[in-house]
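Chemist: Here's the letter readout for the chains.
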Amino acid sequence: MQLTGAELLVQLLEQQGITTVAGIPGGPILPFYHALAASKRIRHVLARHEQGGGFIAQGMARVSGRAAVCLASSGPGATNLLTAVADAKLDSIPLVCITAQVPSAMIGTDAFQEVDTYGISIPVTKHNWLVRDVRDLLEIIPAAFRIAESGRPGPVWVDIPKDVLTAGIEIAQLPLPSMRTPAPQVDDEQLARAAALINAARTPVLYLGGGVIAGDAAGAATAFAEQAGLPTTMTLMGLGAMPVDHPLSLGMLGMHGARYTNYALAEADLLIVLGARFDDRAIGKAAEFCPDAAVIHIDIDAAELGKIRRPDVAIQGDVATVLACLAPRVQANPRARWLERIRELKQQHPLALPGSEDVRSHYGLIRAVAGLLDEGAIIATDVGQHQMWVAQAYPFRRARQLLTSGGLGTMGFGLPAAIGAALAEPGRTVVCFSGDGSLKMNIQELDTAVEEGVNIKVVLMNNQSLGLVHQQQDLFYGQRIFAADYRRPTDFVRIAEGFGMQVFDLDAAADPRACLAQAMATRGPCLIHCSIDVNQKVFPMVPPGAANTEMIGG
Amino acid sequence: MRMENDDLKPGKVVLELTVANHPGVMSHVCGLFARRAFNVEGILCMPTGDGDESRIWLLVLDDSRLPQMVAQLEKLEDVRSVGRHGADRPVFERLQAFFE
Ligand SMILES: Cc1ncc(C[n+]2csc(CCOP(=O)(O)OP(=O)(O)O)c2C)c(N)n1
Chain A
1 MQLTGAELLV QLLEQQGITT VAGIPGGPIL PFYHALAASK RIRHVLARHE QGGGFIAQGM
61 ARVSGRAAVC LASSGPGATN LLTAVADAKL DSIPLVCITA QVPSAMIGTD AFQEVDTYGI
121 SIPVTKHNWL VRDVRDLLEI IPAAFRIAES GRPGPVWVDI PKDVLTAGIE IAQLPLPSMR
181 TPAPQVDDEQ LARAAALINA ARTPVLYLGG GVIAGDAAGA ATAFAEQAGL PTTMTLMGLG
241 AMPVDHPLSL GMLGMHGARY TNYALAEADL LIVLGARFDD RAIGKAAEFC PDAAVIHIDI
301 DAAELGKIRR PDVAIQGDVA TVLACLAPRV QANPRARWLE RIRELKQQHP LALPGSEDVR
361 SHYGLIRAVA GLLDEGAIIA TDVGQHQMWV AQAYPFRRAR QLLTSGGLGT MGFGLPAAIG
421 AALAEPGRTV VCFSGDGSLK MNIQELDTAV EEGVNIKVVL MNNQSLGLVH QQQDLFYGQR
481 IFAADYRRPT DFVRIAEGFG MQVFDLDAAA DPRACLAQAM ATRGPCLIHC SIDVNQKVFP
541 MVPPGAANTE MIGG
Chain B
1 MRMENDDLKP GKVVLELTVA NHPGVMSHVC GLFARRAFNV EGILCMPTGD GDESRIWLLV
61 LDDSRLPQMV AQLEKLEDVR SVGRHGADRP VFERLQAFFE
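Protein chains in written order, with this note's numbering: chain A, 1 to 554; chain B, 1 to 100.
These are computed hints drawn from the structure, not numbers from a lab. In this text, all values refer to a predicted model and were calculated from it rather than measured experimentally. Errors might be hidden in some of the hints.
Pair by pair, the computed Cβ-Cβ distance ranges are [to be verified]:
#	chain 1	residue 1	chain 2	residue 2	range
1	A	A546	B	L66	24 to 34 Å
2	B	P47	A	A196	44 to 54 Å
3	A	P184	B	P23	29 to 39 Å
4	B	M46	A	A111	29 to 39 Å
5	A	Q472	B	M46	49 to 59 Å
6	B	L66	A	A332	38 to 48 Å
7	B	P67	A	D485	42 to 52 Å
8	B	N39	A	H246	43 to 53 Å
9	A	E139	B	E93	38 to 48 Å
10	A	D280	B	L66	36 to 46 Å
11	B	P67	A	D280	17 to 27 Å
12	B	L66	A	D292	21 to 31 Å
13	A	P543	B	N39	24 to 34 Å
14	A	E375	B	P47	55 to 65 Å
By construction, the Cβ of each residue, glycine as well, lies at the ideal position given by its N, Cα and C atoms.
So here's chain A without its partners, still in its complex pose (with noise of 0.2 Å):
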C-alpha cells in the first residue's frame, strides 16, 4: 500500500491498540492530525495546554497500565509537554509522545518554532528518537510502545519533522505490533538466601513501591505477607497496593506517614523491599532509616538495587515473578509475637484525623467523599497539603486506584490526570482533590472536562494559600508568610461556572453532607468548592533532614 508518513504513523498507533490521544496541533503536525481526522479506531481529546495533553495522557497509563500517547507540535507544544514527561519519568509511567518538528531541511536554522526536542527530552526519558526517514517509523514506533512498557516503564518520545509524515511510503504490510520484553531470569541463589533471610527475622517489615502496582503484584505482594505474617508498609506510589484496612498495613510511611508506621520501621531487623527506591521522602535521613535491618530488594531496574541502600539480597526481575518463585520457599508464620508488638504501636501512636466528623475540614471533607464511594472509584491528587492528607485518609483499597505525582510533585497534575483516568474508565467515578493553588496551574482543562463531558469530581479544598509552602514557613522560617497566601480571593464558582461546569459550593449549602452527596450522585464533571482553614498542618512530618523517628506534630 501506498501512505504517507502521517497516514503509516496513524496506522500503527491503531494496531497498537491506543484508542484515545491526547494533544494539541500546531503547523508542523498538521499532516498528522489530518491523517488522524480520517481515522475510525482513534479518538483525538483537544487539551487546552499541552502539559495538559501530557497529563491526560499519563492519567490513561496510570489506570491502564498501558502506555498512552500525547501529541504536540514543534517548539513551544514540545517544551510546554516537558513536564508532565518528567512526572512520567519519575513515576515510572509508561508515555508515547509524539511531537512534530520544522521539516529536516530546516533543522539547525533556528526556523520559525524549532527547538531542540531531541536535546531537551534526552534527560526526561526512557529513550527517544528523531525520526529522519518515513522508513524508519516501521521499526521506531513499534519500539516506542516496547520500551515504554518494558522491564521498568517510563515515557519515550518520538520527534518527527514535517517532510517525514509528508513523504511517500510504499508498504506491504505493516510491521507486527510490539511485545513486551520478557523480564529476567531470577536467580536462584538469591533467592534462596532471601528465603533464608525471610525465614530467620523475627521482626521483618514488607515495604511496597509503585513497582508493585507498575507489576500487577498487588495481589500476589498481599498474599504473600498473609503467608509469613509481614507487616507491610506502602509508598506514596505503592498506596492501594494492600487494602489500608488489611489488618498486617501499616498504610504508608516516610515523611507523613503515621508515628506508628515509622517506630515500626525502626524496629525492624528484616526489611522486604519490592518495587521500591529508597526515596528521601520515604526513607528520611539515610543513615538512620532501619538501622537495624537487613534489606532484601527486589527490583525490575537493577540501577536501583544498591542505589541509596545496599542490600543484603539482591534480586533483579519482575516483582510478580520473584513473589510467585519466593513464596514456595518460604515458611508460613503467624508471627505472633512481632504482630501483637505493631498492635501496641498502632494504639499508642495512632494516626490523628482531627476533624474528620467534620465534612468542611480537610480531614472532614476527604472522610465523606470516601463514605459517599466504593472501592471502585478511582482518586487523583494534585500536589500540596491536600496531596498528602489524602494519602493519609483515604481508604485506598486497590492498585491503581490512586494517582498522584509521586517524584516529581507537580502541582497541575491532578485535574488533567482525573480527565484521563476517566477517559480510559467511563464507567468509574473519578475524584480529583485539589488545591486552589495546584487547580490554578491547569485550570484550563476544566475546558476539556466539560467538552468531553467525563465523570469527573474536583473536589476543591480552598484555603486561598500555598497551603505547603505556608506550613513550612510557619513551622521551619519563622513565621514569615512569604510568596505563600493569595491576597485576594478566587471565585471558583464563577470560574467553573464560566467553563460550563456545574458546581456545588459547600460553603453555601444549608448541609454541606447532602451537597456532597448530591454531587457524588451527579454523572458527569463538576466542582466541588469548600473552603478550609489555612492554619491546619499536615502532621505528623518529619522535618526536613531528620530522621523518620523524629517526627514533630500528630
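With chain A's structure known, arrange chain B with the ligand on it following the hints.
Modeler: Leaving out everything else, chain B with the ligand in the frame of chain A:
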C-alpha cells in the same frame, strides 16, 4: 569535560562502550554523566566495523558511585555493552602526543 594529559593514575578507570552509531548517542552518554554530576576526564569515540556501531572510550574516576553510573549506562537503549578496564588498556596514554 576535560582531557587530562597526565598518566593513568591509580584510581582511574577506562570504560569501553559499544553503542549504536547515530547522532544522538554521544548526547545520551555525556548527558548521563553530566546529569548525575560525575566527571568524565577523557572521551574518545569512533565508528567500528561497518559503521553500524561505535566504540566510546571514557576515562573516569573510580569512586564509590561508579557502579551506579555503569548501571545507568547499561540502561541506555543505544548502549549495547559496557566494559571496564584498568591500566591494562592504556588507550588514553597512547594519545598523549596529541595533548602536549
Ligand atoms: C509546579 C510546581 N511548582 C511549585 C511547587 C512547590 N509547591 C509544592 S506544594 C505547593 C503549594 C500547593 O498549594 P495548593 O495546590 O493550594 O495546595 P495546598 O498545599 O494548599 O493543599 C507549592 C507551591 C510544586 N510542587 N509544583
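Chemist: Each hint: holds or not?
Modeler: Each hint, compared with the structure:
| no. | hint | result |
| --- | --- | --- |
| 1 | A/A546 - B/L66: 24 to 34 Å | holds (30 Å) |
| 2 | B/P47 - A/A196: 44 to 54 Å | holds (49 Å) |
| 3 | A/P184 - B/P23: 29 to 39 Å | holds (30 Å) |
| 4 | B/M46 - A/A111: 29 to 39 Å | holds (32 Å) |
| 5 | A/Q472 - B/M46: 49 to 59 Å | holds (51 Å) |
| 6 | B/L66 - A/A332: 38 to 48 Å | holds (42 Å) |
| 7 | B/P67 - A/D485: 42 to 52 Å | holds (47 Å) |
| 8 | B/N39 - A/H246: 43 to 53 Å | holds (48 Å) |
| 9 | A/E139 - B/E93: 38 to 48 Å | holds (40 Å) |
| 10 | A/D280 - B/L66: 36 to 46 Å | violated (22 Å) |
| 11 | B/P67 - A/D280: 17 to 27 Å | holds (20 Å) |
| 12 | B/L66 - A/D292: 21 to 31 Å | holds (29 Å) |
| 13 | A/P543 - B/N39: 24 to 34 Å | holds (33 Å) |
| 14 | A/E375 - B/P47: 55 to 65 Å | holds (56 Å) |
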